[in-house]
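2 protein chains.
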Amino acid sequence: MHTVFYVSDGTAITAEVFGHAVLSQFPLPFEQVTVPFVGDEGKAQAIKDKINDSYRQSGKQPLVFHTIVDSTLRNIITSSEAKCYDFLNTFVAPIEQQLGVKADPRINRTHGMENRKHYDTRIDAVNYALENDDGMTTKAYDEADIILVGVSRCGKTPTSLYLALQFGIRVANYPFIDQDMQQMELPKALKANRHKLFGLTIDPNRLQEIRQRRMANSGYSAAAQCRYELGQVERLFRMEAIPFIDTTYHSVEEISVKILERTGIPRRIY
Amino acid sequence: MHTVFYVSDGTAITAEVFGHAVLSQFPLPFEQVTVPFVGDEGKAQAIKDKINDSYRQSGKQPLVFHTIVDSTLRNIITSSEAKCYDFLNTFVAPIEQQLGVKADPRINRTHGMENRKHYDTRIDAVNYALENDDGMTTKAYDEADIILVGVSRCGKTPTSLYLALQFGIRVANYPFIDQDMQQMELPKALKANRHKLFGLTIDPNRLQEIRQRRMANSGYSAAAQCRYELGQVERLFRMEAIPFIDTTYHSVEEISVKILERTGIPRRIY
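If you read the sequences in order, they're chains G and H. Numbers 1484 to 1753, taken from our numbering, label the letters of the first sequence in order. Numbers 1484 to 1753, taken from our numbering, label the letters of the second sequence in order.
Rather than coming from a laboratory, the hints here were simulated on the basis of the structure. All values reported here derive from a predicted model rather than from experimental measurement. There are no misleading hints in this set.
Which copy? The list can't say, so a pair holds if one copy fits it or any two copies do.
Straight-line alpha carbon distances no greater than 35 Å define the calculated DSBU-like cross-link-like pairs of lysine-lysine that follow:
#1 K1600 with K1566
#2 K1526 with K1679
#3 K1679 with K1600
#4 K1679 with K1533
#5 K1671 with K1600
#6 K1600 with K1674
Only chain G is shown next, with the shape it has when bound in the complex:
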């Protein structure tokens, strides 16, 4: 198996995301090693040795995806026997040419604390999601960007948190419970914020599987209960013209981006 090293003088998250995207097109397994915060020559040299050792041991030339700003440290890594893919610098030169502006590597702060406002927006959104999770309170819905609705365990909470962390968006979520569904009516707090509602639904078998893992052999996780709740909730979404998506075959990222696309709500942080 080939080993892939993600090497950076920062968090290496950019190198990881980049590497995943490229390697996901190859029908091979890879051994993955992340090496963040390579900030001095000693550490760079140690990583170089580790890369070369990996080559000797496996007999397969390692791949190195790196985003190292300092050229001395970068040169140490690229002098290893791996094949090195320089994700940043490959694009910096043509962009410099297009813009007629020199890049200043020192200002590179991709996953650093770019600015206080950005940071506060994000943390406020996380706090908002937590305080308004699972219908805990409905008093702060005026401040919501989006209110996710759906049955218990259809994916509302992870989606709320992802939208908060990644995009700084304030997402409340409200679980439809038996009573709401029997009456087929929106609770009052939701009616007042109808334009913010977005529904999630899920395949009944998948829902049952998820609920079984939480609470095996209960009424809550019974197949009939899952089917009943989802049938009712989808009827309610249609009656009330609430946009909704099926989460069954989508990752949290896909669900989040689809919601932004459908609602047109802009990212608060980029």
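Using the hints, position chain H against chain G.
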């Protein structure tokens, strides 16, 4: 101002991360537009028109960062008048050559639901973080990968959630309160899991600022209280040999990756 378009047939998250990393080296502001799920020729053509309109209106040639797998759709986008940067394909050919294996673009599922196990690991970690947030319960610490400790509002919760969502790691967090700090002793539940403890601390002025935004002019947000709590907690960290880091000047990503680096805990998902 130049406009940057992030265009993808998926979530466009890879294109965004990539674009941010490269553009963060340029001392210029950019107008950013994300266009996800470009899945058919009609949509691709509409985006092409939008890109060209943007050029005409601003007089500045737009930048397009794209990760489009389908070559027909990709050709529509790259026939726009923008400068297009093809992040995936730039690297695919040399990697094919290194590996001696052809890429199969159809299997590209960077931010899709790669597999059920991956998905469950992540959602379980998010649930774990929520259920074990803020010392709510200490009964499930046996299942924790890490237990973050520190005073209220030093960054424990966002870090726990980020580690769960990004890396599938199970993180509990426990706030040191007055009583713990007066006695300068670890609560029993923490003692039993001492090897999992990781401390966060923060600059007293920054802590005060954060607490003021939550609860202005309270004892909780008084400068003296913040200084007292942080002084005590850092003494406790040292006495008990708990590794800790200062969160003041670091993003959630940086804190998370530093914790993984210091503890050596492997990512559960990549």
